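**Student:** As given, the protein sequences belong to chains A and B, one line each in that order.
Heads up: the first sequence begins at 1 in the working numbering, then just goes up one per residue.
Heads up: the second sequence begins at 1001 in the working numbering, then just goes up one per residue.
Since the hints were derived computationally from the structure, they do not count as laboratory data.
All values derive from a computational prediction rather than experimental measurement.
Careful, some of the hints might be misleading.
Stated by the list, open to error - Listed next, the in silico DSS-like pairs over lysine-lysine satisfying Cα-Cα at most 27 Å (straight line): (1) B:Lys1104 - A:Lys93; (2) B:Lys1170 - A:Lys93; (3) A:Lys3 - B:Lys1054; (4) A:Lys6 - B:Lys1203; (5) B:Lys1054 - A:Lys109; (6) A:Lys60 - A:Lys93; (7) B:Lys1053 - A:Lys109; (8) B:Lys1143 - B:Lys1170; (9) B:Lys1203 - B:Lys1053; (10) A:Lys60 - B:Lys1104; (11) B:Lys1053 - B:Lys1223.
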Amino acid sequence: MKKLFKFLTVVGLSLFMTSCYYDAYPEEPINDGGGNNGGVDISYTDQIVPLWVQCTGCHKAGGDEPNMQDNSYDNLLNGYVVPGDAEASDLYKSLLGIGGISLMPPGSKWSDSKINLVKDWIDQGAKNN
Amino acid sequence: MKNYKILLFAFLIIPLLVFSQKIEKDTIIKDKPERPAFESSYIIDNPTNVLLKKNALEVQMAHRFGSITGGTNDLAGFWAPSNIRIGLAYGIHERLTIGYGTTKFDRLQDFNWKVGILKQTRSNKIPVSVSYYGNFVIDARQKNQGLFINTDDRYSYFNQLIIARRFNSKLSVQVAPSVSHYNIVENTMRNDMVAVAVGARYKISPQTSVTVDYSQPITEFLKDNPSPGLSLGIEFSTSAHAFQLFITNYQGIVPQKNYMFNRNNFEMGPFFDSFLIGFNITRIYNF
């Protein structure tokens, strides 16, 4: 018992003492959410869909509405996105947790650049490209 | 004559000696540790200085609903996404309690320990109780979400010194400075957050008390500073069981999550937009 305790202390401490460090996420491209992403079209398939991996744990077939796993574009356009008007879209409101919509993902707000990418995509007309 | 002087001196000093002995004896009898300042392991959002007895097991359940008026058609937040923590704590020594818990939001797995450093005594020779609380948390969200570059990016730490005083049978107060550390943060934030919390309990009947808990982050970020937390609650307790019902603007349950990331601030609009209902339940089993 004593030996085991010693062993665990040594292993635990050595793992523990070296696991604390200071790091920051790399700086993301600045996106002010001004509405046109610098005139470049945002691709739904290449740029927006990869963001949804964090949502599909709950927003899946048989889970919470809307289903963002299969056919996410059609499901989002069915009442959650107003093409060309992010401010009026429940999707955008939920990312900020404003206007009577709970913050999504719950408890941890996305970085501004991710949110603004979604905003610009909606403001560009929410194209399925 | 000289001998008489010595004798007189001795006789005169004896009562003092006896007196001092008596005081010492009284002190020994009186100087037992004060009763615990709080009923359970949590005041509301912050841990208390309370340690478990040796071989006691505590089951902890914590729940935070959605904000009261934040959603539409969600029954004051009851139907909104809610945060849950289930935890266990075990007293392996009178002065050391260890625990583990799992939380729904961000899938936080926390390993925690609490060490009793000082115990308040009834004679007031030691006027406060001091405990150290620390934890190590692993964010267990799925790999494919691109949230972490290295495995160690999932780790965060919390260290808190809890200074508590039981003023009388009704009023207890604690002050708790803390340091939270995240291995990786957004580049506008800092990895360490220094904060201080103040909490108090006032008994309004033998089993019911009113509690308040206020947490103030001190470290300033470049932008998006986390908002301070304020919680008001009622606690119902028996010898082995405590039930706390409260409103708070903290939706996280693991402390460093609140101190670093809380976005529910007082300027969000109507008062209840940022506040939510929650409860904590603890049950202690003595073996």
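**Student:** Would you pick out the hints that fail for this structure and give their numbers low to high?
**Tutor:** Violated hints: 2, 4, 5, 7, 8, 11; rest satisfied.
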